[in-house]
Amino acid sequence: MKIKRRTIEEKAGFALLRAAAFLIIGVILFLLFDILSKGADVLSWEFISQKPAKGMTAGGIWPAIAGTFWVSLITVVFAVPVGMAAAVYLNEYATQGRLVRIVRLAIRNLSGVPSIVYGLFGFGFFVLSLNLGLSTLSAGLTLGLLTLPWTITASEEALKTVPRSYREGALALGATPWQTIRTNVLPYAVPGMLTGAILGLARAAGETAPILFTGVAFFWPLLPAFPKVLFSQFMALPYHLFIMSTQHHEIAKVRPLAYGTAAVLIALVVLMNFMAVFIRYRFRKKFKRV
Amino acid sequence: MDNILLITRDFSFYYGPVQALKAVNLDIEKFKITALIGPSGCGKSTFLRSLNRMNDIIPGTRVEGKVMLEGMDIYAKDVDVVDLRRRVGMVFQKSNPFPKTIFDNVAYGLRIQGERNRSVLIQRVEESLKDAALWDEVKDRLDQSALDLSGGQQQRLCIARALAVRPEILLMDEPASALDPIATQKVEELLFQLKQDYTIVIVTHNMQQAARVSDYTAFFYMGELVEFGQTQQVFTDPKLKRTEEYITGRFG
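Chains as they are written, first to last, in this note's numbering: chain L, 1 to 290; chain P, 291 to 542.
The hints are simulated quantities; they were obtained by calculation from the structure and are not laboratory data. Do not rely on the hints blindly, as some may be mistaken.
[Said to hold, decoys possible] Where chain L lies over chain P, by a calculated footprint (3+ residues, C-beta under 8 Å): (1) 379–385; (2) 445–456; (3) 515–522.
We treat Cβ as the ideally placed atom computed from N, Cα and C, and that holds for glycine.
Given the sequences, and given the hints that come with them, work out the whole structure.
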């Protein structure tokens with residue numbers, strides 16, 4: 001009898017664990033199916049390449065795609081170098097003491113700050129204090145701050161995967177610390193750093209709150225060319241989605257467009273995640289031989 | 291004593307509060323092989339890594355006493371540690387080829403010194419690989435990854451890499467401990483060749499190896515240099531009982 005009871009417990013336990021794992025797949029599949037099935041009708045080349053028309057009840061979402069692209073580009077250009085540099089300093093140069101502990105604590109706390117707070121900070125600092133105005137630049141820098149904790153943490157992890165013997169070997173040959181890092185550490189850590197940066201960006205690209213106060217517009221059909229685009233307001237996919245699903249008065253007409261926008265946004269994020277996985281895969285393969 | 295290249299005087303080393311070396315006095319003779327032996331944790335590797343200041347990169351360490359390289363105190367404030375490491379090369383226990391081509395591995399030390407002349411690099415890489423008795427095995431595949439070499443070849447590549455910057459002293463931390471007997475023999479034969487041009491200090495756990503290859507032997511025990519002398523004398527007629535016990539395998 002006792003054995004039987006144990007078997008039942010075992011089976012029930014595993015069933016619960018399995019259910020939890022499948023729940024995750026279930027949620028993502030449902031989400032994708034729901035969005036794609038309801039947005040499929042509007043998805044077309046015109047939807048991607050054209051401006052909204054007729055009071056946003058028709059046409060495409062090109063300005064929102066372009067706006068998200070520009071803001072993401074600014075985010076990357078700001079967050080990746082700063083994040084890499086901070087990680088190199090923390091991991092390679094800094095004496096592991098109180099200061100480093102405080103910096104790490106700050107990074108961890110930054111990653112927990114709600115995105116709306118980043119939005120308010122970006123408004124106060126970039127838009128007003130630095131006088132950058134409501135612009136792609138203000139929004140991109142705000143999102144850059146949001147992704148910094150990710151970029152730094154991922155970069156540090158990447159640096160830690162580079163064997164100590166590469167550093168010692170180079171130093172023993174008379175390389176300076178910077179030469180060691182530049183020629184014998186960074187080349188092997190950069191793919192891992194980029195993976196982290198892309199994952200951070202994928203999250204940032206879908207954020208609404210931080211850009212809400214810093215430059216996103218309800219309707220801004222034409223972005224100026226570079227460099228003027230840096231100081232222009234813009235449309236963005238997540239905000240466009242928010243408008244279409246909650247703020248528009250002709251709900252029935254715009255609902256499919258909202259689903260179409262969601263599908264494009266998700267496709268973009270999934271694409272970025274695949275890129276990150278691909279880079280990480282190549283990176284691992286290269287290191288297996290060591 | 292013109293043929294003494296490096297001396298240590300009352301040299302002590304601390305990892306935080308732990309003293310790893312206690313007032314070591316040792317003279318290293320030019321163009322000879324000095325073997326450092328002793329049980330694990332006796333401080334022989336710490337001593338070796340002190341001679342090119344590789345221990346500097348470990349936080350919380352400090353030294354007392356002096357290490358003099360041809361009259362220069364290598365721990366003096368004005369010493370450029372980068373210059374020092376170019377004069378005092380090192381080969382590690384576990385071979386550590388960089389994930390680059392064979393050529394780029396050997397040329398690494400020269401390139402970081404700013405050598406860009408292709409023909410100089412080619413010539414020096416060839417010389418170094420010949421000195422490390424590896425040239426014949428790799429001359430047709432210099433542009434292949436160093437990671438594709440066998441373990442023994444990798445270690446000789448690391449020796450070639452160290453030789454390429456023309457150091458005066460070569461420090462070797464158990465260079466053959468991870469190799470099979472044949473590869474070990476090759477490395478040992480190489481040591482005899484190298485001592486014509488280089489001064490070698492080698493840490494080894496292998497008593498026969500120390501007896502075979504070295505001219506002088508230093509026996510470390512619990513951070514102290516217990517006995518030092520000509521290898522012949524240390525192995526056949528040790529002055530101290532503890533030395534005899536260790537080399538005959540009674541402990542350690």
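Where does the structure disagree with the numbered hints, that is, which hint numbers, in rising order? Per hint list: single violation, 3.
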